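All chains, full assembly: derive it from the sequences and hints.
Chains as they are written, first to last, in the UniProt record's numbering: chain A, 1 to 240; chain B, 1 to 229.
If you're looking for bench data, these hints aren't it; they were derived computationally from the structure. These numbers come from a predicted model, not from an experiment. Just so you know, not all the hints are guaranteed correct.
Ranges between beta-carbon positions, derived for each pair [what the hints assert, rightly or not]:
(1) Ser141/B with Asp67/A: 39 to 45 Å
(2) Leu49/B with Gln55/A: 28 to 34 Å
(3) Gly197/A with Pro158/B: 46 to 52 Å
(4) Asp131/A with Met70/B: 52 to 58 Å
(5) Leu236/A with Tyr51/B: 49 to 55 Å
(6) Glu110/A with Leu88/B: 35 to 41 Å
(7) Thr166/B with Lys68/A: 53 to 59 Å
(8) Lys47/B with Glu110/A: 36 to 42 Å
Part of the chain B face toward chain A, derived, beta carbon under 7 Å [claimed, not checked]:
(9) Met1
(10) Asp98
(11) Ala120
(12) Val147
(13) Gln151
(14) Ala204
Positions of the beta carbon are idealized from the N, C-alpha and C atoms, including for glycine.
In case you want the letters, here they are:
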Amino acid sequence: MIKVSNLHKKFGKLNVLKGINTNIEKGEIVVIIGPSGSGKSTFLRCLNMLEEPDQGEVIFQGIKLNDKKCNIDQQRQKMGMVFQQFNLFPHMTIVENIILAPTKLKKENEDEAKRKAVQLLKKVGLEDKADSYPNQLSGGQKQRIAIVRALAMSPEVMLFDEPTSALDPEMVGEVLEVMKGLAKDGMTMVVVTHEMGFAKEVATRVMFMDQGLIVEEGTPKDVFDNPQNPRIKEFLSKVL
Amino acid sequence: MDFLFLKKYGWYYLNGAKNTILLTCIAITFGIILGLIFALFRLSNNKLLRYIAVTYIEIIRGTPILIQIMILYFGISQYISLPEIPALSKIIGYDSSDFMIGAAAVAINSGAYVAEIIRAGIQSINKGQMEAARSLGLGSSMAMRYVIIPQAFKNILPALGNEFVTLVKETSIVSVIGIMELTKAGDIVRGATAKGFEPLLVAASVYFCITFAASRFVAFLERRMKASD
Ligand SMILES: Nc1ncnc2c1ncn2[C@@H]1O[C@H](COP(=O)(O)OP(=O)(O)OP(=O)(O)O)[C@@H](O)[C@H]1O
Ligand SMILES: [Mg+2]
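Structure follows, in structure tokens:
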């Protein structure tokens with residue numbers, strides 16, 4: 001579904017991605033782990049062109065995204081993204097947050113979009129918050145709404161950048177539950193996280209990044225129980 | 001001191017105050033429109049648009065408004081004359097085309113300042129907001145329109161309110177091209193009564209009443225906005 005080849009990205013002189021190659025298939029749950037600054041976020045953001053790669057290519061469903069001729073806005077409608085800081089729109093109610101993109105981009109009529117929004121809200125147990133504003137919600141609730149907002153566009157793949165890192169510990173569970181539910185429903189997911197429990201339980205593939213490269217990838221069993229690279233052992237001993 | 005002249009000339013001030021308020025409202029409306037356009041130009045990826053915006057903003061802010069208004073009045077109006085709007089002429093009490101030049105000059109001047117206010121407002125919005133909007137598939141202009149600008153306007157409302165109060169005073173400049181607003185009214189009354197001082201005091205008091213009421217109103221709006229958060 002997403003094919004990445006020879007991806008390079010620099011910020012000024014800082015060489016952040018140094019040649020990433022991978023292939024994400026439909027239905028996969030890819031979890032990316034690695035030390036801080038290793039380029040996980042940058043890689044994820046290159047997948048939907050929030051960062052423009054310097055070299056290499058990202059091909060999504062056969063379309064090269066880092067191409068002048070590619071209408072990136074259209075492709076992004078099929079790639080949901082969830083951020084560490086939620087990034088809900090504070091001047092809109094929850095339901096307005098959710099229906100903004102479907103009504104403006106897919107020309108869904110408002111009632112229809114609202115009905116769908118409420119259905120999705122029910123799934124994450126927040127239908128009573130439809131008319132609240134984001135700043136009336138807890139962090140965990142905000143992140144569940146952010147997930148719903150992305151899902152409202154019926155994306156083919158969901159990208160998560162440390163979705164639970166900004167949350168109080170007691171709220172991490174509720175967000176992970178929603179993500180597990182998504183995984184069960186067959187959503188293709190790429191998740192950057194430090195939640196090793198989630199990686200072990202849900203991932204179909206774990207990718208370990210270090211210094212701008214994918215150093216090792218495999219099933220959770222391979223990577224966690226039998227890591228080949230000494231850097232992974234060191235990293236895991238710190239986070240587990 | 002003797003203010004008995006007000007009995008005869010008081011309506012000059014009322015008429016002047018009305019025109020001052022009208023000028024200010026027209027100028028702030030077009031100032032905000034111009035300001036928004038040039039703020040977006042300034043922040044755009046297009047080099048030419050950025051260049052146009054910077055030129056406009058720097059020239060306006062780097063030259064006196066008195067000169068700007070005279071250039072517009074004596075220079076440009078030689079070549080193009082604004083049509084008279086009868087309805088407007090009726091409200092202001094005389095030919096509206098000079099009045100429109102005055103309003104345009106103040107609006108063009110204010111637009112440069114408003115552009116900078118709006119630019120700062122847009123830049124103060126967390127960049128995660130733009131990223132979230134873009135990641136949903138919204139193009140950059142839709143993201144601006146639905147996500148960034150509404151938030152920016154909320155943030156800059158106090159600054160825009162300030163600009164409005166400043167403009168009330170700034171419009172006094174159009175008296176130099178003979179527009180009958182509050183300052184001109186004071187002038188006329190001075191001439192007619194041969195009093196040098198009192199007519200000015202009256203004009204100043206009326207200005208103060210307008211700006212005071214305006215700043216109260218702006219403060220009220222701000223409180224309303226805060227409450228709605
Ligand atoms: N927009 C940017 N401009 C300059 N440098 C950047 C930018 N974004 C990231 N970097 C730098 O690139 C490097 C990799 O950043 P990245 O965010 O991809 O790391 P990460 O693996 O996600 O780390 P973390 O676990 O801390 O989130 C870091 O050194 C970071 O400071
Ligand atoms: Mg990161």
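Evaluated hints:
{"no.": "1", "hint": "Ser141/B with Asp67/A: 39 to 45 Å", "in the structure": "violated (21 Å)"}
{"no.": "2", "hint": "Leu49/B with Gln55/A: 28 to 34 Å", "in the structure": "holds (30 Å)"}
{"no.": "3", "hint": "Gly197/A with Pro158/B: 46 to 52 Å", "in the structure": "holds (47 Å)"}
{"no.": "4", "hint": "Asp131/A with Met70/B: 52 to 58 Å", "in the structure": "holds (55 Å)"}
{"no.": "5", "hint": "Leu236/A with Tyr51/B: 49 to 55 Å", "in the structure": "holds (53 Å)"}
{"no.": "6", "hint": "Glu110/A with Leu88/B: 35 to 41 Å", "in the structure": "holds (39 Å)"}
{"no.": "7", "hint": "Thr166/B with Lys68/A: 53 to 59 Å", "in the structure": "violated (45 Å)"}
{"no.": "8", "hint": "Lys47/B with Glu110/A: 36 to 42 Å", "in the structure": "holds (39 Å)"}
{"no.": "9", "hint": "Met1", "in the structure": "violated (53 Å)"}
{"no.": "10", "hint": "Asp98", "in the structure": "violated (41 Å)"}
{"no.": "11", "hint": "Ala120", "in the structure": "violated (18 Å)"}
{"no.": "12", "hint": "Val147", "in the structure": "holds (6 Å)"}
{"no.": "13", "hint": "Gln151", "in the structure": "holds (5 Å)"}
{"no.": "14", "hint": "Ala204", "in the structure": "violated (40 Å)"}
Against the hints set out earlier in the document, violations occur for numbers 1, 7, 9, 10, 11, 14.
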